[in-house]
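Sequences and hints are given; from them, build the entire structure.
Start counting at 1 in the sequence shown, then tack on 2, and there's your number in our numbering.
Worth double-checking, as some hints may not be accurate.
Only pairs whose alpha carbons sit at most 25 angstroms apart, straight line, appear in this in silico SDA-like list of lysine to any residue [said to hold, decoys possible]: (1) Lys-84 <-> Ile-74; (2) Lys-23 <-> Ile-92; (3) Lys-84 <-> Ile-96; (4) Lys-23 <-> Thr-105; (5) Lys-23 <-> Arg-103; (6) Lys-84 <-> Val-17; (7) Lys-84 <-> Val-16; (8) Lys-23 <-> Leu-104; (9) Lys-23 <-> Ser-34; (10) Lys-23 <-> Leu-89; (11) Lys-23 <-> Val-36; (12) Lys-23 <-> Ser-83.
Simulated DEER-style distance windows between Cβ atoms [claimed, not checked]: (13) Ser-83 <-> Phe-46: 21 to 27 angstroms; (14) Leu-94 <-> Ile-42: 28 to 34 angstroms; (15) Thr-65 <-> Gly-90: 14 to 20 angstroms; (16) Ala-49 <-> Glu-26: 16 to 22 angstroms; (17) Tyr-61 <-> Gly-81: 29 to 35 angstroms.
These aren't lab readings, by the way, just hints derived from the structure by calculation. Note that beta-carbon positions come from the ideal geometry of N, C-alpha and C, so glycine has one too.
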Amino acid sequence: MAWLFIAVAGTFEVVWAIGLKYTEGFTRLWPSVVTGVAVILSMFFLAQGVRTLPIGTAYAVWTGIGAAGTAILGVILFGESKDLARLGSILLIIAGIVGLRLTSGE
Numbered sequence: 003m004a005w006l007f008i009a010v011a012g013t014f015e016v017v018w019a020i021g022l023k024y025t026e027g028f029t030r031l032w033p034s035v036v037t038g039v040a041v042i043l044s045m046f047f048l049a050q051g052v053r054t055l056p057i058g059t060a061y062a063v064w065t066g067i068g069a070a071g072t073a074i075l076g077v078i079l080f081g082e083s084k085d086l087a088r089l090g091s092i093l094l095i096i097a098g099i100v101g102l103r104l105t106s107g108e
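What follows is the structure, encoded as structure tokens:
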């Protein structure tokens with residue numbers, strides 16, 4: 003169950019990170035509300051996950067999900083660069099997430 007909490011926390015991290023772009027510096031109400039709620043939910047689920055998982059592993063997976071997910075959506079939603087080196091780097095982050103999960107012993 004702890005890994006599910008971390009996955010959900012990472013998903014909400016992607017939501018708030020992408021939401022920051024839509025808030026326009028927190029000048030738009032509803033995107034700002036969604037972003038704020040996503041931050042709170044992300045932290046809540048992270049806190050639930052680290053109750054049983056090692057903090058270093060859980061935090062690295064959480065940030066990895068957030069970084070990879072945000073980078074992928076940046077390409078899709080905002081037309082950010084999709085050159086081979088960038089996509090390869092995103093794949094390395096994903097490989098790191100999978101590796102941490104497989105070697106965590108949890």
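Quick rundown of the hints versus the structure:
In summary, the hint linking Lys-84 to Ile-74 is supported, as the alpha carbons are separated by about 9 angstroms, within the 25 angstroms threshold. Note on Lys-23 and Ile-92: the hinted pairing holds, with a Cα-Cα distance of about 20 angstroms set against a maximum of 25 angstroms. Taking the CA atoms of Lys-84 and Ile-96, the gap is about 16 angstroms. The hint holds against a cut of 25 angstroms. A distance of roughly 35 angstroms separates the Cα atoms of Lys-23 and Thr-105; the hinted pair therefore is violated under the 25 angstroms criterion.
Annotation: proposed proximity of Lys-23 to Arg-103 is violated, straight-line Cα distance about 30 angstroms (limit 25 angstroms). Taking the CA atoms of Lys-84 and Val-17, the gap is about 20 angstroms. The hint holds against a cut of 25 angstroms. Straight-line distance between C-alpha atoms of Lys-84 and Val-16 comes to about 18 angstroms, which keeps the hinted pair within the 25 angstroms bound. For the proposed pair Lys-23 and Leu-104, the alpha carbon gap of about 33 angstroms is over 25 angstroms, so the pair is violated.
Taking the CA atoms of Lys-23 and Ser-34, the gap is about 10 angstroms. The hint holds against a cut of 25 angstroms. For the suggested pair Lys-23 and Leu-89, the alpha carbons sit about 21 angstroms apart, so the restraint of at most 25 angstroms is met. Only pairs whose Cα atoms come within 25 angstroms are accepted, and Lys-23 paired with Val-36 is accepted, the gap being roughly 12 angstroms. A threshold of 25 angstroms between alpha carbons decides the hint, and for Lys-23 with Ser-83 the separation of about 16 angstroms falls inside it, so the pair holds.
The hinted window of 21 to 27 angstroms between Ser-83 and Phe-46 is violated, with their beta carbons roughly 33 angstroms apart. The supplied range of 28 to 34 angstroms is met by Leu-94 and Ile-42, whose beta-carbon atoms lie about 30 angstroms from each other. For Thr-65 paired with Gly-90, a C-beta distance near 19 angstroms keeps the hint of 14 to 20 angstroms intact. The hinted window of 16 to 22 angstroms between Ala-49 and Glu-26 is violated, with their beta carbons roughly 29 angstroms apart.
Under the hint 29 to 35 angstroms, the C-beta atoms of Tyr-61 and Gly-81, about 30 angstroms apart, fit the expected range.
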